[in-house]
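2 protein chains.
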Amino acid sequence: MADFERRRIESFMKKAFELAKKIGTKTAPNPPVGAVLVKENKVIGEGFHKGAGFPHAEVEAIESAIKNGFDPKGADIFVSLQPCNFYGRTPPCTQIIQKYGIKRVFFSVYDLNVEGKYEIKGAEVIGGVLEKEGKKILLPFLTFLKERRPYVILKYAQSIDGKLADREGRSKYISSEKSLLLTHRLRAKVNFILVGKKTVEADNPHLDTRKFKNRDILKMKKFIGGEFPNPVKIVLGIPNFIKELKIKNGNNVVFIFKGIDEEFEKIRRFISDDKANNISFFSIKEINPSEILSFVYENGGLTLLVEGGPKTLWLFIKERKFDELWVFIAPKIFGGGKGFDFLDSFLFGEELNLTLYELKRLGNDIFLRYSAREDKMIWDF
Amino acid sequence: MADFERRRIESFMKKAFELAKKIGTKTAPNPPVGAVLVKENKVIGEGFHKGAGFPHAEVEAIESAIKNGFDPKGADIFVSLQPCNFYGRTPPCTQIIQKYGIKRVFFSVYDLNVEGKYEIKGAEVIGGVLEKEGKKILLPFLTFLKERRPYVILKYAQSIDGKLADREGRSKYISSEKSLLLTHRLRAKVNFILVGKKTVEADNPHLDTRKFKNRDILKMKKFIGGEFPNPVKIVLGIPNFIKELKIKNGNNVVFIFKGIDEEFEKIRRFISDDKANNISFFSIKEINPSEILSFVYENGGLTLLVEGGPKTLWLFIKERKFDELWVFIAPKIFGGGKGFDFLDSFLFGEELNLTLYELKRLGNDIFLRYSAREDKMIWDF
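The listed protein sequences derive, respectively, from chains H and Z. Be aware that the first sequence starts at 103, since it is given in the working numbering, and climbs by one per residue. Be aware that the second sequence starts at 103, since it is given in the working numbering, and climbs by one per residue.
The following block holds chain H by itself, in its conformation from the complex (with noise of 0.2 Å):
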């Protein structure tokens, strides 16, 4: 292929990358796919998937082309997932690539749900254009078709020496503004939210995305057997207090709890005193990662952001269960402190190592943004 011509092609494939990216895994469980139109080098129609039951992203490409006028007969297509050829909510890409008469179909990463090689007639089909980066972005729903559980970030804001709160257990903003801005664009792009009770406890946050002003406006719909708008929040544990906490403003927060008596009882209590929408309690049988993460998969969640303290932290750390590890240090140092150190631990030579992608200056602040994958990537959101 010719330089030009490749960098042409790929310079259409980033332009559905970028309208995947608009949608971000708001279409859990679904991917996110955009796809552009074009016809004598000019884009005639866009389009990205707005989750399951809505059109898939090439329908939503053609369709925007025949409203703008324009005939999508000849047209070259750049999908950002291989087209699908099989009927599940919406028919199958490919009779609708075929019936319009696309000439050229570009897609970037092949879907594993697509059985085998397929051809269109009257179609070119090329795939894996810009693969390595489609993948990134596809990584959440990646990693939920093949392990069957979200792709796992974990989150928190630590002093210099790695201490998440001062031996009292205080740590409400331990960074600054700035951090609280970036945490707040993450929240907006994750589905669910885990904290343990003791930070609901100590700090009695909202967990909400207030400071992130674009965020999208779509929600995630029907899980838990109500409508949660995204993300939705997971307390593990049931807190000594209900009734007075932040994160039930946002009226989408699940607690979950090994069935002890003593839990159940709070329940108990809480619902006799308030009869709250969209809270929900789930009982699992063991407080543990797997446990965790079997609850958010079935529940669709292609993304789990889980925000501390270091108890639950650790539970992911201990057990390697993430993807992914964000790290805010705050130019403070306290000596003693909540850290990861009552816990136990890795020996030299045995312990998690990860790989730096991520690196910025926050005022005072630094972000790390590591990767703990074996092949090393991250997503792209």
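If you're looking for bench data, these hints aren't it; they were derived computationally from the structure. Fair warning: this is a prediction, and the values are worked out from it, not measured in the lab. Treat the hints with care, since some could be wrong.
All copies of an identical chain are treated as equivalent in the list; a pair is satisfied when it fits inside any one copy or across any two copies.
Stated by the list, open to error - Below are the DSSO-like pairs computed for lysine-lysine, each with C-alpha atoms no more than 27 Å apart in a straight line:
(1) K274 to K141
(2) K274 to K478
(3) K462 to K478
(4) K478 to K238
(5) K300 to K238
(6) K238 to K117
(7) K350 to K116
(8) K169 to K223
Following the hints, position chain Z against chain H.
This is chain Z only, laid out in the frame that chain H set:
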């Protein structure tokens, strides 16, 4: 002053700074000073002070001009520190400047050793040129003069979660080769390096500068009654074995300790075994920062690098007796291990707050340089 003229002056002053930085703190306990002699916009001579007993930078610059066949008469001189007007081991520079008919004297930092303002007959004297930058170079010297202690740098490598070693104390080469190179560069620039005896026993380190190829060959002389090349290594306490220690290879080690019988016994055993040169034993009243800093100050050290372990570093952190902190963060998580945790701590709101000065990526490691000073300044070496 015209903008052009100011830029011209600053550019020659920066040349004087570069000369001062060449010698670093090897001049201890004298300050590093550079001087540039300029005639008709051309550098005709340059020099820097090489240490106690050697000519001052001004003299070096004037003599280099004469040696190269230039007449200093009518020239401008640019010096990073105010020229002296008193007799030390050399005559006052003000007299020399006058003698050679220098027309204008530009200097950066006002010297605390000079009392009041002075005039140099036949010359115009302009002080405070790029004074802030000049002070950064002289920071160890200014600290030494004002606070009667060396400029203290704490340095260590840790895992992301703030562990300097695993729970069994293993720590050697937590960080990468690139981090080590930067450490060796720093070591080559300081007068004294301090470690605790446990670090010596656990890691048996060289504490040398072998990876820093361009190190200055000039040596700090006549310290602690002998001739110690720069840097002098201080070990806090007497390690269980001395003969096999790698730090001895450079022949510039001082063991300081609180004089208890058991420690004395170890020394006696060592001395009877081996008559090593340039290894000294000093007893101090208490193992605390004040005593250690007094020891270094009295031996003319402008700079002290504290390299650990956690217990030794914490001595200085706890009492806020340091100027800057160097932290290397390796992309690892240990969970439990040796951090500052087993010691006392600051509570939220009272914790040690630092100012981030530099942030660098070194492969998968990161390097952080913080100022702990109230004036937020940092040494430019």
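Status of the hints after comparison with the structure:
no. : hint         : result
1   : K274 to K141 : neither (54 Å within a copy, 61 Å between copies)
2   : K274 to K478 : between (31 Å within a copy, 25 Å between copies)
3   : K462 to K478 : both (19 Å within a copy, 21 Å between copies)
4   : K478 to K238 : within (11 Å within a copy, 41 Å between copies)
5   : K300 to K238 : neither (34 Å within a copy, 46 Å between copies)
6   : K238 to K117 : within (15 Å within a copy, 49 Å between copies)
7   : K350 to K116 : neither (39 Å within a copy, 60 Å between copies)
8   : K169 to K223 : within (25 Å within a copy, 88 Å between copies)
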